[in-house]
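One line per chain: the protein sequences are A and B, in this order. Per the numbering used here, the first sequence runs over residues 1 to 314. Per the numbering used here, the second sequence runs over residues 1001 to 1314.
Derived from the structure by calculation, the hints contain no laboratory data. Take these hints with a grain of salt, some might be off.
Label pairs and their in silico Cβ distance ranges [claimed, not checked]:
#1 B:Asn1177 - A:Gln191: 35 to 43 Å
#2 B:Lys1204 - A:Gly254: 53 to 61 Å
#3 A:Lys80 - B:Arg1052: 29 to 37 Å
#4 A:Lys80 - B:Gln1276: 15 to 23 Å
#5 B:Thr1012 - A:Gln191: 46 to 54 Å
#6 B:Gln1276 - A:Cys61: 40 to 48 Å
#7 A:Gly91 - B:Lys1172: 39 to 47 Å
#8 A:Gly91 - B:Gln1276: 13 to 21 Å
The C-beta atom is built at its ideal place from N, Cα and C for all residues, glycine as well.
2 protein chains.
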Amino acid sequence: MKYVIGVDFGGTNIKLGLVNPKGKIIRRARIDTRSYFSSKAKLINSLAQKIREVMIAQELCATNISGIGIGLPGLIDPRKGIVRFLPNVPGWRNVPLVKILERSLNIATFIDNDVNLAALGEWQYGAGKGADSLICVTLGTGVGGGIILDGKLYRGEGYVAGEIGHIPINEKGPACNCGGSGCLERYVGNQSLLKKARRCLQNKDITLEEVYALANQSNSKALALWEETAVHIGNALVGVVNVLNPRLIIIGGGVAKAYKHLKKPLIQTIKNRSMQVQSRMVAVRRARLGDDAGILGAQILMKDLTTGAHTKHV
Amino acid sequence: MKYVIGVDFGGTNIKLGLVNPKGKIIRRARIDTRSYFSSKAKLINSLAQKIREVMIAQELCATNISGIGIGLPGLIDPRKGIVRFLPNVPGWRNVPLVKILERSLNIATFIDNDVNLAALGEWQYGAGKGADSLICVTLGTGVGGGIILDGKLYRGEGYVAGEIGHIPINEKGPACNCGGSGCLERYVGNQSLLKKARRCLQNKDITLEEVYALANQSNSKALALWEETAVHIGNALVGVVNVLNPRLIIIGGGVAKAYKHLKKPLIQTIKNRSMQVQSRMVAVRRARLGDDAGILGAQILMKDLTTGAHTKHV
């Protein structure tokens, strides 16, 4: 096993890490995504340049690198190496990112959904160690999920599995951007949480950080807001637990910062409402790796590609 | 590949089939389960005897049979070969069925949940041919499901995956026997359907067969009942489709007899409320094999066991 370059491609920042064979990030770099909103080509050039810099700084050449793994926030075709659509980065539609980077760097490159890579990272190096099946939920503006089943990343037929945020939790729930209604994200996505917080706390400028701080000071309205949020998430996960009978649920993403307020009602809802065997077997934990999950996940992906695991669709 | 004995072990009947290597059932037998409610031992003896009779009738001996596969309606431990619990057959708790039959018949025996075997059967020989991932839903007194993902039966960590009937579809829904609330089964399980039908149609003795017949005669209340049922099922499946991104949903079980009345609102609900890519990829079909699905599924299970597929947990 050689070194791997892991890239967490976000709408705000692109974070790179050089990962050694033991799964340690030994060098990092960062690109401000927004500075390149005007040009895809310049952004890709800048990414290739940063990768070269990281390699040079560690005195590594292409033959020392087994691959580059990139997690992106959107619709990805990992088999064809094409970024289909990034909702938060203007102009990114049908970009053959793998082909462009491989030509430029001459290193095998692989792309996937960022939540899938985060799930792989948490599974092997973080909160999911030892679990053979888990759901890694990311709570933020969007609510997503990465799924490991029987020791393998599950991507779905069109590589879009894991949309935990679009589980309907009420038949007559509010309409969702996705075209459905009553989706979990409509109750606990950042926008909905903020709206609710601003109404409950009668402060139209409050941020989620402040709602979190208020809960830490035992503000009853803020505490109730997090509790309500946890119960919604729990109700959606009851269906997942009953259908997939996983060993573990990992809670990550920005909103997971409030995990200490979410934890009790979340676990209670899942444990009390799920079926007996499922409920007994499943544990709920907070994600451990933060932003590094995706970078480390890239290493797992490369390892699996070289050993032939997880390659069904790729 | 040799012959396989497939057994569909139901609370009312036990159906046996001798399956040839091409997946054809060439001889059948049946046992009335209720006649043996008083004694587990007698029921198992009778099953072994029927298996012997089927083999003798075809002039086959143990060496011609690659295995016996049995699907049972309850909590099964396929790895240990133990029937943990059958809710509808008195006294069946922790029965080491595999050990007993293997001693008696000297043929490798395998047990699994009946819905899992039905899913395997439909996948290879029925409505699911060619699909790499599917959910096979069974509608009846209970609402269950078998899951094929990436070309493999998915059982879950405790072999209890697939509980489609216990997906909550409303946060404030009615309490369910499983301990949860708002579960799909509370809306569309036979008992709930009958209750609703008797109220709507103001006939306290009506059967579901009669509700089906009334719908065939365009009775508007009966039609509305099936439509409402289809929408509930669809709403639960939207979550499954968004999370698992399968190629196919197969609808089977007793209630699927009303499929022609369920079909349109069911497909509409799934297509309109699921996310774009998921919705475009998923097809919905009626199960094709009826009672034979489980018997044929046993053959697939045996084939996979001999070739080393699906054996992770067994």
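Now the hints, each set against the structure:
1. Judged by the Cβ atoms, the range 35 to 43 Å given for Asn1177 (chain B) and Gln191 (chain A) holds: they are separated by roughly 37 Å.
2. A hinted range of 53 to 61 Å for the beta carbons of Lys1204 (chain B) and Gly254 (chain A) is consistent with their spacing of about 55 Å.
3. Range check, Lys80 (chain A) to Arg1052 (chain B): about 55 Å between beta-carbon atoms, so the 29 to 37 Å window is missed.
4. For Lys80 (chain A) and Gln1276 (chain B), the hinted distance range of 15 to 23 Å is satisfied, since their beta carbons lie about 18 Å from each other.
5. The supplied range of 46 to 54 Å is met by Thr1012 (chain B) and Gln191 (chain A), whose beta-carbon atoms lie about 52 Å from each other.
6. Separation of Gln1276 (chain B) from Cys61 (chain A) is about 43 Å and conforms to the stated range, judged on CB atoms against 40 to 48 Å.
7. Between Gly91 (chain A) and Lys1172 (chain B) the C-beta distance comes to about 44 Å, which sits within the given range of 39 to 47 Å.
8. Distance hint check: the CB atoms of Gly91 (chain A) and Gln1276 (chain B) are about 20 Å apart, consistent with the given range 13 to 21 Å.
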